[in-house]
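For the record, the sequence lines run as chains E and A. Residue numbering for the first sequence is 1 to 276, as defined by this note's numbering. Residue numbering for the second sequence is 277 to 589, as defined by this note's numbering.
Quick caveat, the hints were computed from the structure, so don't treat them as lab data. All the given hints hold, so there is nothing to weed out.
Among the chain A residues that face chain E by a calculated CB cut under 8 Å, a handful are:
id, residue
1, P384
2, G387
3, G390
4, F391
5, T395
6, A400
7, I401
8, D403
9, D434
10, A450
11, D452
12, V456
13, S457
Nothing here was measured: the structure is a model prediction, and the numbers come from that model. Ideal placement from N, C-alpha and C gives every residue a C-beta, glycine not left out.
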Amino acid sequence: MTDVGTDRRPAWSEPFAPPNRAALGRSRPLPVDRAAAFGTADGRGVTVAIVDSGIEADHPAVGGRVVRHVRVDVVDGEPRVVEDDERVDAVGHGTACAGIVHALAPAADLVSVRVLGSDNRAPGLLFAAAIEWVVEQAIPVANLSLSSRKEALFGAFHHLADDAYFANTLLVCAANNLPGPSYPSLFASVVSVAAHDVPDPWTWFYNPRPPVEFGAWGVDVPVAWKGGGRIVATGNSLAAPHIAGLAALLRSAHPSASPFELKALLAATATPDSEI
Amino acid sequence: MTDRGPGDHGPGDREPGDREPGDREPTDDERDASLRRLVEALAARGAVALRLEPPGLDRLLRSIAEATVALFDAEAASIALVDPDGRLRFRVAAGDQGAGVVGLVVEPGEGIAGFVLATSQPIAISDVATDPRFDREAAAATGYVPRSLLAVPLESGDRVIGVLEVLDRRGGNAFDLRDVSLAGVFARQAAIAIEVSRTERDVVELVAAGLAAAASAAGTSADGTVADVAEAPDWEAVAADAAARLATEVEPGFWDLVDRLARLRAADQDRVRLAIDVLDVALRHLARDRRSASPGRPTRGPSWRERAAFETE
Numbered sequence: 001m002t003d004v005g006t007d008r009r010p011a012w013s014e015p016f017a018p019p020n021r022a023a024l025g026r027s028r029p030l031p032v033d034r035a036a037a038f039g040t041a042d043g044r045g046v047t048v049a050i051v052d053s054g055i056e057a058d059h060p061a062v063g064g065r066v067v068r069h070v071r072v073d074v075v076d077g078e079p080r081v082v083e084d085d086e087r088v089d090a091v092g093h094g095t096a097c098a099g100i101v102h103a104l105a106p107a108a109d110l111v112s113v114r115v116l117g118s119d120n121r122a123p124g125l126l127f128a129a130a131i132e133w134v135v136e137q138a139i140p141v142a143n144l145s146l147s148s149r150k151e152a153l154f155g156a157f158h159h160l161a162d163d164a165y166f167a168n169t170l171l172v173c174a175a176n177n178l179p180g181p182s183y184p185s186l187f188a189s190v191v192s193v194a195a196h197d198v199p200d201p202w203t204w205f206y207n208p209r210p211p212v213e214f215g216a217w218g219v220d221v222p223v224a225w226k227g228g229g230r231i232v233a234t235g236n237s238l239a240a241p242h243i244a245g246l247a248a249l250l251r252s253a254h255p256s257a258s259p260f261e262l263k264a265l266l267a268a269t270a271t272p273d274s275e276i
Numbered sequence: 277m278t279d280r281g282p283g284d285h286g287p288g289d290r291e292p293g294d295r296e297p298g299d300r301e302p303t304d305d306e307r308d309a310s311l312r313r314l315v316e317a318l319a320a321r322g323a324v325a326l327r328l329e330p331p332g333l334d335r336l337l338r339s340i341a342e343a344t345v346a347l348f349d350a351e352a353a354s355i356a357l358v359d360p361d362g363r364l365r366f367r368v369a370a371g372d373q374g375a376g377v378v379g380l381v382v383e384p385g386e387g388i389a390g391f392v393l394a395t396s397q398p399i400a401i402s403d404v405a406t407d408p409r410f411d412r413e414a415a416a417a418t419g420y421v422p423r424s425l426l427a428v429p430l431e432s433g434d435r436v437i438g439v440l441e442v443l444d445r446r447g448g449n450a451f452d453l454r455d456v457s458l459a460g461v462f463a464r465q466a467a468i469a470i471e472v473s474r475t476e477r478d479v480v481e482l483v484a485a486g487l488a489a490a491a492s493a494a495g496t497s498a499d500g501t502v503a504d505v506a507e508a509p510d511w512e513a514v515a516a517d518a519a520a521r522l523a524t525e526v527e528p529g530f531w532d533l534v535d536r537l538a539r540l541r542a543a544d545q546d547r548v549r550l551a552i553d554v555l556d557v558a559l560r561h562l563a564r565d566r567r568s569a570s571p572g573r574p575t576r577g578p579s580w581r582e583r584a585a586f587e588t589e
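Chain E extracted, bound-state conformation (with noise of 0.2 Å):
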């Protein structure tokens, strides 16, 4: 284990820093390669749900692919999700997701989820009201650039990260940046992802231990931000957006593939360490 107060290295990023990434290699659990997992997918086909600040439709990194806006209201008390007239992203971070799902998968279709904004209060029900809809509206892959630290909501995250398994909705969390509880990324039915900093979205690691299964881009990343804007930015919920592009071009290639089934192809095609 390195030394994480001299080396300041994040724990949750270990296992893909270089030193580390031998060991992940080992682990190919089939024998697919890339052309055979993806094909010439190009995501069509696929609705990818972005849960997060809301996308701004006709920000050019999106490319007019936004087919629907929806939002988690709180009424009398209990969160609903409602259509979304204003379709406005008040942060940009949504924005920023979308437009890294599209570069990789242009043909797909994104519905943003906007679940910032109504209520600081209770983040964790909103976010939960908006992974129930996703799944009721059987949308094929999701991405979840949050997470929820409340233990009193592991029961019903873990019920939620069920549902979503068997009705065939993947589920791609960002990790926490801390220990600690972080539902649902820490489940075994969803895919969770940290940061690497190898300026590729086609570079990515699978590590088969907990609690974080693969690494994606999410170091110095240029994206898309509200305004029509553009930044630069940092964080595993700017990695996590990859792996929700490359599961929505795999389900675009292989249209009946479960989510065990997209998070296999998904390991065994990710980087090997000698590639870098």
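Go by the hints and put chain A onto chain E.
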């Protein structure tokens, strides 16, 4: 202030010409009695406050912000805390460039700080100035546009109580993954300190208000106006006497509570966390008892909505 208590006197309260018929000047004795109550209440507050030695929330926040600037060799750092209405309010800033942000209020889900608050996800951003819209908004609000920015959640237990922002590392390098991680660890320690300080402040305010109410209820209802204290008795002696009486007259349970809070402040963070965890477990048991009567789904137990009562967050 609408409710006038015995402590709310001032020389400008009443002009001689405004007097109602039947009104009269208070006697010196009434003035003294009123002032005595005021001094006694203040002395009691002081006694409790001294016993707790609260560090003062803003002072603590400022020292955290200053430590952040030093740790990251940054141009500025700021701390925003969640208000009771769910909005983020920037409370303190450190560094030459940071002051303009203090007082800024961020609506739920707006801006980078709003994102970090709602998602618990830290984020680092560089080339901020290349985004014309961000540029304009930030400049209007704070007078300072950073080139790079690192924002991490202030998490205490499983609650996000605010956001710590670091702006512009000196020397121009952008914040990297390790900075994100280091800031996260640092913010966690800071959040625990903030929570402990806030709890103390709340208790001090509660106790002081209770003592003041008790002092005014015990006195007469005369609305004496303090106009002249030149011939006042030895108020220092009155205050000392009040504080001494407080120590003997207030029930032992009260001082026990004060001492426990003082010890909590001196305790290391593991102990504080343990105390918070014990409270958390106790509260969840209470909540579970309340919900035990809720109906379950036939095949998979209660739905997630039933498991997660809205008020438990």
